[in-house]
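6 protein chains.
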Amino acid sequence: MTAFNRKETAEKLRNAVEILSKNDSYSAICHKHYIGEPSISMEKLDMIVKKIREIIFPGFFDNNTLDPVAVHYYMGVYTDELFDMLSEQILAGLCFACKERKDSELHLMDEMVYANDIAADFISTLPEMRRILSTDVEATFLGDPAAQSWSEVIFCYPTIKAISSYRIAHALLGLKVPIIPRIITEMAHSETGIDIHPRAEIGESFSIDHGTGTVIGATCIIGKKVKLYQGVTLGAKNFPMDENGNPIKGIPRHPIIEDNVVIYAQATILGRVTIGHESVIGGNVWVTHDVPPNSTLVQFKPKWQQFADGAGI
Amino acid sequence: MTAFNRKETAEKLRNAVEILSKNDSYSAICHKHYIGEPSISMEKLDMIVKKIREIIFPGFFDNNTLDPVAVHYYMGVYTDELFDMLSEQILAGLCFACKERKDSELHLMDEMVYANDIAADFISTLPEMRRILSTDVEATFLGDPAAQSWSEVIFCYPTIKAISSYRIAHALLGLKVPIIPRIITEMAHSETGIDIHPRAEIGESFSIDHGTGTVIGATCIIGKKVKLYQGVTLGAKNFPMDENGNPIKGIPRHPIIEDNVVIYAQATILGRVTIGHESVIGGNVWVTHDVPPNSTLVQFKPKWQQFADGAGI
Amino acid sequence: MTAFNRKETAEKLRNAVEILSKNDSYSAICHKHYIGEPSISMEKLDMIVKKIREIIFPGFFDNNTLDPVAVHYYMGVYTDELFDMLSEQILAGLCFACKERKDSELHLMDEMVYANDIAADFISTLPEMRRILSTDVEATFLGDPAAQSWSEVIFCYPTIKAISSYRIAHALLGLKVPIIPRIITEMAHSETGIDIHPRAEIGESFSIDHGTGTVIGATCIIGKKVKLYQGVTLGAKNFPMDENGNPIKGIPRHPIIEDNVVIYAQATILGRVTIGHESVIGGNVWVTHDVPPNSTLVQFKPKWQQFADGAGI
Amino acid sequence: MTAFNRKETAEKLRNAVEILSKNDSYSAICHKHYIGEPSISMEKLDMIVKKIREIIFPGFFDNNTLDPVAVHYYMGVYTDELFDMLSEQILAGLCFACKERKDSELHLMDEMVYANDIAADFISTLPEMRRILSTDVEATFLGDPAAQSWSEVIFCYPTIKAISSYRIAHALLGLKVPIIPRIITEMAHSETGIDIHPRAEIGESFSIDHGTGTVIGATCIIGKKVKLYQGVTLGAKNFPMDENGNPIKGIPRHPIIEDNVVIYAQATILGRVTIGHESVIGGNVWVTHDVPPNSTLVQFKPKWQQFADGAGI
Amino acid sequence: MTAFNRKETAEKLRNAVEILSKNDSYSAICHKHYIGEPSISMEKLDMIVKKIREIIFPGFFDNNTLDPVAVHYYMGVYTDELFDMLSEQILAGLCFACKERKDSELHLMDEMVYANDIAADFISTLPEMRRILSTDVEATFLGDPAAQSWSEVIFCYPTIKAISSYRIAHALLGLKVPIIPRIITEMAHSETGIDIHPRAEIGESFSIDHGTGTVIGATCIIGKKVKLYQGVTLGAKNFPMDENGNPIKGIPRHPIIEDNVVIYAQATILGRVTIGHESVIGGNVWVTHDVPPNSTLVQFKPKWQQFADGAGI
Amino acid sequence: MTAFNRKETAEKLRNAVEILSKNDSYSAICHKHYIGEPSISMEKLDMIVKKIREIIFPGFFDNNTLDPVAVHYYMGVYTDELFDMLSEQILAGLCFACKERKDSELHLMDEMVYANDIAADFISTLPEMRRILSTDVEATFLGDPAAQSWSEVIFCYPTIKAISSYRIAHALLGLKVPIIPRIITEMAHSETGIDIHPRAEIGESFSIDHGTGTVIGATCIIGKKVKLYQGVTLGAKNFPMDENGNPIKGIPRHPIIEDNVVIYAQATILGRVTIGHESVIGGNVWVTHDVPPNSTLVQFKPKWQQFADGAGI
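Protein chains in written order, with my numbering: chain F, 225 to 537; chain D, 225 to 537; chain E, 225 to 537; chain B, 225 to 537; chain U, 225 to 537; chain G, 225 to 537.
By construction, these hints were calculated from the structure, which means they are not laboratory data. These numbers were taken from a predicted model, which means no experiment stands behind them.
Result set (DSS-like, lysine-lysine): computed pairs, CA atoms no more than 27 Å apart in a straight line:
1) E:Lys461 - E:Lys448
2) E:Lys236 - F:Lys275
3) D:Lys246 - D:Lys236
4) E:Lys274 - E:Lys400
5) D:Lys275 - B:Lys274
6) D:Lys448 - D:Lys274
7) D:Lys449 - D:Lys461
8) E:Lys268 - G:Lys274
9) E:Lys246 - B:Lys246
10) E:Lys473 - E:Lys256
11) G:Lys274 - G:Lys385
12) B:Lys231 - G:Lys400
13) D:Lys236 - E:Lys275
14) F:Lys473 - F:Lys256
15) D:Lys274 - F:Lys246
16) U:Lys236 - B:Lys268
17) D:Lys256 - D:Lys268
18) D:Lys461 - E:Lys449
Simulated restraints, written as ranges between beta carbons of each label pair:
19) D:Asn239 - F:Val293: 50 to 58 Å
20) D:Ala321 - U:Arg238: 40 to 48 Å
21) B:Ile472 - U:Lys400: 54 to 62 Å
22) E:Thr359 - D:Lys473: 16 to 24 Å
Cβ atoms here follow ideal geometry from the backbone N, Cα and C, with glycine treated the same way.
When you get a sec, could you build the whole thing from the sequences and use the hints?
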């Protein structure tokens, strides 16, 4: 504090400190660490996601060459680095989620081994993840007349960022990693405006055009070759509470979107409804019931009103 | 410049420099500094917001322990650091806003004292701010079946970022700090896609799900236990101009949302209308009139059209 | 790798490396560099955009003074620095786009000269760009009763970030710079949620309020004094495919918005339709046909439903 | 590699890689890590030394105030932060030194506890370390007519950096921390040119003027109020080898300097000799025998030679 | 603290904190800040020295071009930036030195003006400083057969770093700036091992070869075309104390070196003696009396001793 | 500039700028860049040296594992990265040295190829360099009773930094790389106080204890198993001038040190003299003539003087 040493100012600060330090002020919203436990780090998770993108799309986000010998070296090193970083953050996630622990020391070592196993299992999925993301790149390119090349799509389309983060997070969730998957998709949400819950199931050749404001809920099931536009909501209509007034977790409450569906901007689809394959949902439409295959839904034609002065609405 | 020293290139650059340096080219869109005045800094404001979050939610965004003795130390130091950083940026805001000053030296010292007073008053509000933010965390947790714990909500839900930034900015605005509050909410807007004007009044237990595209205007008044979804607009319908054709500032022109209201995705509510308590506003709905308490508004059921070839819309 | 040296883990990693290193795994989604070619760098492009903003709006984003002699020096140095940085990134863009090159060395020198020429031509457009952006600032200020001053608008309104990035990208695209313009507008998209394609034509005195989710497509033509709100889509309805099933590039497929039009939040206008001058398009409206001048379009009044228990939708 | 893809270049690189990867090429000079072991980090050790200086000399190297309440907070927080950082690096040092470990997991937890104990013991010595360093500051001030104030001495005299790093390292060595003490004094050596072995014993009120090139060996014992100048060597004359030709470790082989001795620039004192109290050793003198108390040693007066041309030596 | 929460550890830390927080523990070695006073910053002083080198030696340490128009811009901007940074650090130095102040607010503004005046006066000396440093560069080049070009000397010889830092510090000291000059020469001391007191007077065409360990005391007067080697000490023999036993400040106590003198490695010259022009002082010599012009001093020829076993000394 | 806009200050700055911008003020000490030429960068050279140390000493300065498969990957990637960085800086060195160029574009491409060739040749020497540095590590360990292990020597002994930088620089000089070798050894000189000219020839099993102030001149030839202490100068006595008074470059003028010689602290050996094998040179001795093999040189025993008051020297 470099203040004028005025008594009044100092007193205000000291009072605030006293209250803020009281256990009943902070006990409900604080978080405890234990010794040796790594912390969840946004910076490290960001590095992890970037490292995976470097592995998936060689030459785009690093400077490695495509000389076959060198690719081999780089894949080896990137994988090794990823294994280390990911093991640590998985461990951090396990610690964050663990609440009831009594003997933290004993478990820490076990969890470290467990985190290593998960990280290795995750890395085993990367070749298949690369294949699926290739289909997403292709679908994005085909779906946008403004796209010049696959390279442009990989390099600067937000949809590729959002989908690759989702596929990474989904794989980690499948390996039962707590909290980390959610953070990874929220980071992509912040960057792209696209909010995909890591628990959603999404088929290959998926694309989202523009994307800002699109929301895909936790229990969505999306088929192949589905295309969404910006502002599309695949949400829950409402959800049952338990006897304590808390929402019941894990009930299917988001839409099923079958293969080859297109959903235009700002459309809102709520609840466990099914949009049949090959359907087209128009922009701004609000859907809360099933839609049969091959359907096309559009909004009512807007009513025109001519105001005398053209000013108000 | 490391160009080929080709005359033509150099000439183009020099011509541009000459025009850009002319007073009548830049006079309308430039900004003057005076000696000793600190500059508004996005980096420092970001640090200030993070420091406040560290104070509010101990152990989440720092590594301090919850040993009661140490918490006391940390609250003391964080508060002291916050006081310094905040005083400087408040002073920067006062300088930015000040236009007509003639004798900058004399006033600078007075404004420094004034900035210190404001910073101390702001810090005095932190205990109450912590209490209110706890209710927002609780509301967010209860409102999302996908949320696993309060910790997850605090750590990675964008709504907590947006609401805490709003509550900080709102408190600063109440202390008559110029421009800084707006910058703080715009920083949260950029990060979360949620745009809350710092002048809005928002009650406790507030939550926004997903949030991208949600807008809350400057003269909104929102009650307790209100829940919004993504893409909700609480905006102005239109606004009266003065005799010079400039908008008249400060007139109430945004909605009043009473207690326990839920507003679903993409709904648009415009003008100084009142949405009565316990009401539910459906997604994509456009509202410009009062809604009585306990109402439920939904969009017309969409008209279905079956196209022969399934291609057009 | 700092693992437990357990055979199983090591084997999993090695297997993944082997597959990821196979040419047919990565050949479709990799990118090749050649010697001496600079890489496209997000960090450098960000610095370029910031440097241009420093030139356009003196005193806001740097600390230079407005002493006329010093302004001259600063404009000279900023321009010189910009010329260097921009030449390099334009060259990087030319290299990225170039696919069929056989003799990379020979062409590199020619492309370097070409990149310098483009950079100089771009800098020649800055004085006019400053003039147009001044009209955008003015329009934003007049259109928002919450705005206190031009300074506030320049300093913290996301719309100014989005529009200035668009005008920079549009100028570069007009000089035939590949990929870079798209990256610049995507960077602004990520920061502001406003997605303006650099190929769109936008007149002066343009403003977007709040902006999150607004999309302006590649072949849009927008007149003077147009104002948009958040979530507005100026998109394509659909697009013809060529005989191979690929979208035909470059066909006009987005709306024409004439002078003095206002389009409210979440409105969706699709296809090559014309919104006549002085028209007002209401929020959440979906438009796929021409609208004559001086029109006002609003959504149907929503149907009210009173539920017994106020809970469901 | 972004080379011209010329076969010859690629082959050279591949050959080098093959040899460098052979076990017998690197086995003698490589270092193994085990899982969960922290690495020794120069950056963190530098932060640790700076943090200790902040604790010892309040207000010089941080911005805390001397308001008694705030000092308490800061001492609490700095100590807490130091405890964490130091525990980790002590553990890293223990791991570095440990060679024969078979079951790394079991020991790691024990060593973590052990590192914590050492860190706490070290922190217990800080009050006494502050007192002794105060005497060093006073001695430096009194010994240099060019010094303006204690503040100047603390803030910018290299001797204070070197002595404080030595006293920190010496205390850690006394607590049996491996390798870290040596690194801390080598960091000060690099910064100041003063090379003090952490094992040396040095009394209070110690000062070194200018200091570059001064060396104080591992088994030196230095009394109170001793002053050295630059280039002074307190070294070993020679040392006995064991039957394998390796130097026998730990034998006293460096000088004992008693109280109130002054040793001028470039003097060299070698072997386990004693310089008696109150003695003065002149510059450039080379001493390998005991010197009784109250002695003054100077170099022979130089021989003058007048060269005809004044050019050669 | 993330310890095992063991009582004993916590108690040790708390005890240390209590003692370290006692006023009589820290009162002699602490430093007070007042509001609005900038802090002395090593980082900023380093930037200042680098900025001055960029001004003095155009094109070596920046990327500006030598196109005469651009040089003008860069000199203008660098000077403007230097003026700002330097004014702030001069003010920081004035505040650091000021002890007895009662009414800090009143004086701060006056000192700010004063700091600006000094900064402007300093900048006025830069053209002459460039001229003198050119003679130092030339002398260094001529004196070292290993030097390939002036460029190499400017770019990588430590002597140029040490001498330019000295000349900067000396000019600031002449303008009565407290403490900053000493810090600047100590920074160069740390980097080069050359310790030149800013108060020394040094003529043009000065050079130091290798330089590590060379010391030039505060009251030295050095003529033109003097050349020193590494390890040379121009120091004080001893100094009178006042009645309180404190050294009397400001008495001439270091050598005068006349024009065209060469002093070889490790030579030590102590006290207010004069080394006459055109003299050569051999390596390792220790001089405490005047040396007439055109003299050559060398050390006695060393005595040879042949040991039987060749091992000891 | 944020000054008080006082005319006088502004005028001083403008005057300085005018003079500093005059061609005859800066023409002798400026440096020209051409388009496309990389700049020499201290940061990049520091990264290059660190990368080479990572290759030479696996596991000390990085985190790679010693699993044989992974070592292979890392060696491949490090080598590839080194090749890129080194090629660029070699090219920068070639450009720096080139003065008379007329057609910079044409040559740039050729020099790029040439730089690649040199970089590849340098990498081919790394296996042998690793072997020699191993002998230096061993010699350092054997020569210092305070050393605990090879690991400690590699990790924190300044001599290993200085010698490895020398061996790198020497290899680059052998490949005719201009200026870069000198910068690399000067960087080590700054860090360690040890100044080894890259042109010197130094045999294996070389060590320097403490090292500060040791100088090894450009034409020195040093045999195997030589050990030096701090402050040793292997310098030139004087050097012949050509008819223009410039030193003649490239003449042998520094000592030859044969195998198994030990030279103690502060000894100075000047001129093209030979110190015969197995000799021991005592501290502070000054040698300008040949010394036969198996000799031991020591300084005269110092003369003792007893002063009455023990104060002066």
